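Asker: Sequence:
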Amino acid sequence: MFVTVSGKLSDSRNSSGCPAAAYTNICPAPPAVHTAQPPAQQPMAIAAAATATTVPPVVSSAPAVVPAPPPPPPPPAPAVPATTLLAINPAMPVGMRRRMWSLDDYNVCKRLFKGTSSSVYKATCLRSGLPVALKVYFLDRVPRNVVHMVKREIELHAHLAHPHVVMLYGAFLDGDRIVLVQEYAARGDLLHLLRAVGGRMSEAQVSALVLRPFLEGLAYLHSRGICHRDIKPENILYTDKWVLKVADFGVSIDLNKERAVTRAGTVDYMAPEVCRCPLKAEPQDNKDNNALAYTAAVDVWAAGVLAYELLVGVTPMVAPAEHQAATSGSLKLAAGTPSSLSWPGSLSAAARHFIQGALSENPGDRPTARELLRHPWLAAQGAVAAAAPVAAAAPPRGVAPAAGAVAPLLTASVPAAGAATMAAAAGVDGVSF
Numbered sequence: 001m002f003v004t005v006s007g008k009l010s011d012s013r014n015s016s017g018c019p020a021a022a023y024t025n026i027c028p029a030p031p032a033v034h035t036a037q038p039p040a041q042q043p044m045a046i047a048a049a050a051t052a053t054t055v056p057p058v059v060s061s062a063p064a065v066v067p068a069p070p071p072p073p074p075p076p077a078p079a080v081p082a083t084t085l086l087a088i089n090p091a092m093p094v095g096m097r098r099r100m101w102s103l104d105d106y107n108v109c110k111r112l113f114k115g116t117s118s119s120v121y122k123a124t125c126l127r128s129g130l131p132v133a134l135k136v137y138f139l140d141r142v143p144r145n146v147v148h149m150v151k152r153e154i155e156l157h158a159h160l161a162h163p164h165v166v167m168l169y170g171a172f173l174d175g176d177r178i179v180l181v182q183e184y185a186a187r188g189d190l191l192h193l194l195r196a197v198g199g200r201m202s203e204a205q206v207s208a209l210v211l212r213p214f215l216e217g218l219a220y221l222h223s224r225g226i227c228h229r230d231i232k233p234e235n236i237l238y239t240d241k242w243v244l245k246v247a248d249f250g251v252s253i254d255l256n257k258e259r260a261v262t263r264a265g266t267v268d269y270m271a272p273e274v275c276r277c278p279l280k281a282e283p284q285d286n287k288d289n290n291a292l293a294y295t296a297a298v299d300v301w302a303a304g305v306l307a308y309e310l311l312v313g314v315t316p317m318v319a320p321a322e323h324q325a326a327t328s329g330s331l332k333l334a335a336g337t338p339s340s341l342s343w344p345g346s347l348s349a350a351a352r353h354f355i356q357g358a359l360s361e362n363p364g365d366r367p368t369a370r371e372l373l374r375h376p377w378l379a380a381q382g383a384v385a386a387a388a389p390v391a392a393a394a395p396p397r398g399v400a401p402a403a404g405a406v407a408p409l410l411t412a413s414v415p416a417a418g419a420a421t422m423a424a425a426a427g428v429d430g431v432s433f
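Residue 1 is where the sequence shown starts when you use UniProt numbering, and the numbers rise one by one after that.
Bear in mind the hints are in silico, worked out from the structure with no lab data behind them.
All values derive from a computational prediction rather than experimental measurement.
All residues carry an ideal CB built from backbone N, CA and C; glycine is no exception.
Incorrect hints may have been included.
[Stated by the list, open to error] Using 25 angstroms as the maximum straight-line C-alpha spacing, the simulated BS3-like pairs for lysine-lysine come out as follows:
{"hint": "1", "residue 1": "K232", "residue 2": "K151"}
{"hint": "2", "residue 1": "K280", "residue 2": "K151"}
{"hint": "3", "residue 1": "K287", "residue 2": "K257"}
[Stated by the list, open to error] Derived CB-CB ranges, DEER-like:
{"hint": "4", "residue 1": "K257", "residue 2": "R99", "range": "37 to 47 angstroms"}
{"hint": "5", "residue 1": "E371", "residue 2": "R98", "range": "35 to 45 angstroms"}
{"hint": "6", "residue 1": "K241", "residue 2": "S348", "range": "28 to 38 angstroms"}
{"hint": "7", "residue 1": "Q356", "residue 2": "P90", "range": "33 to 43 angstroms"}
{"hint": "8", "residue 1": "P72", "residue 2": "V94", "range": "23 to 33 angstroms"}
{"hint": "9", "residue 1": "A293", "residue 2": "R374", "range": "21 to 31 angstroms"}
{"hint": "10", "residue 1": "H159", "residue 2": "G345", "range": "40 to 50 angstroms"}
{"hint": "11", "residue 1": "T116", "residue 2": "L255", "range": "19 to 29 angstroms"}
With the hints as constraints, model all of the structure from the sequences given.
Answerer: Written as structure tokens, this is what we have:
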């Protein structure tokens, strides 16, 4: 009889009479046949198999080695704001031409003007070395209904190239800022200059230093279908060589592309047909109302206001109370018609005729900018002779001019750093955007 103990035979011999070891070596064991056991016997079989095959683990007395944690990932690289080129002027200086534009290309010197949604800075282009004015719009501060005006300003200004128009070299998007890179005018604006000379100019100065070059620039704009809509002393600048530049096209419009039906500009210089227009909530409001449409003649009206202000010292038609109450579209001009204006006795008849023509209430009766350039009053002033002493050289700050110098402009202390679009442009050093 055989008894199985831990899977081995206890008898030393098998059924053939051979030793068990010899049997094992000669005849391989037949394959095991697994037979199903009754349910009651299965736990005992599982326990026996586990006892036969399980090897007890080796317990070591050495301390466990814990692997070091992986090093932390490197910090992410600082995000580089994406820049997108919006427009370039084909007439820009060669040294400024490049494929990528960024604020890193400029050394910002000072802030010239700070507004609600934009600021103007004096800067130096590091690639060309040229001084520039950076007009920066902060998109998080620009009202939704004004964004289209910024887009329009860039589109029309980037295609302008004239000696008496500030050049927009290019515009780009840098992060959440739209940057307009413009020509820098070192001697500042006409309002600053007018105040420096006492608030009034002579007819020769007005003709030579302001109206003639200004009207040349305005005639150029009108020939391209551009209506400026905000002619005033603050938007007339001078370079270091006293070259006049028409500036700020923030509310300008291309009449070849759309109808002008908005009350836009500065109220003291608004033509009657502009004052009649309502304010708009959306860009397309009133665009189909042809009865409200006006033309570039509104700029000629503003030129007449400008000429009067320079010669007399005040704007001709000021109605503060009316300005406050004007909400539905019609501003009454307190001074009445242009023919009823007050004129200084020293003003020539030709100068009066020039201004009265520009201030004709009917837009169709106003001369064009080109026609104003041919007015006898401007021709009589001798533009070259009047401008030569001024253009020659203004004396240093605090130095009196030579005896008999023509033009109070020479006695004025004109800050070389006061440029851009507003008077009293106080510079702020160490500016960050």
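Asker: Broken hints, numbered, in rising order?
Answerer: Numbers 4 and 8, in rising order.
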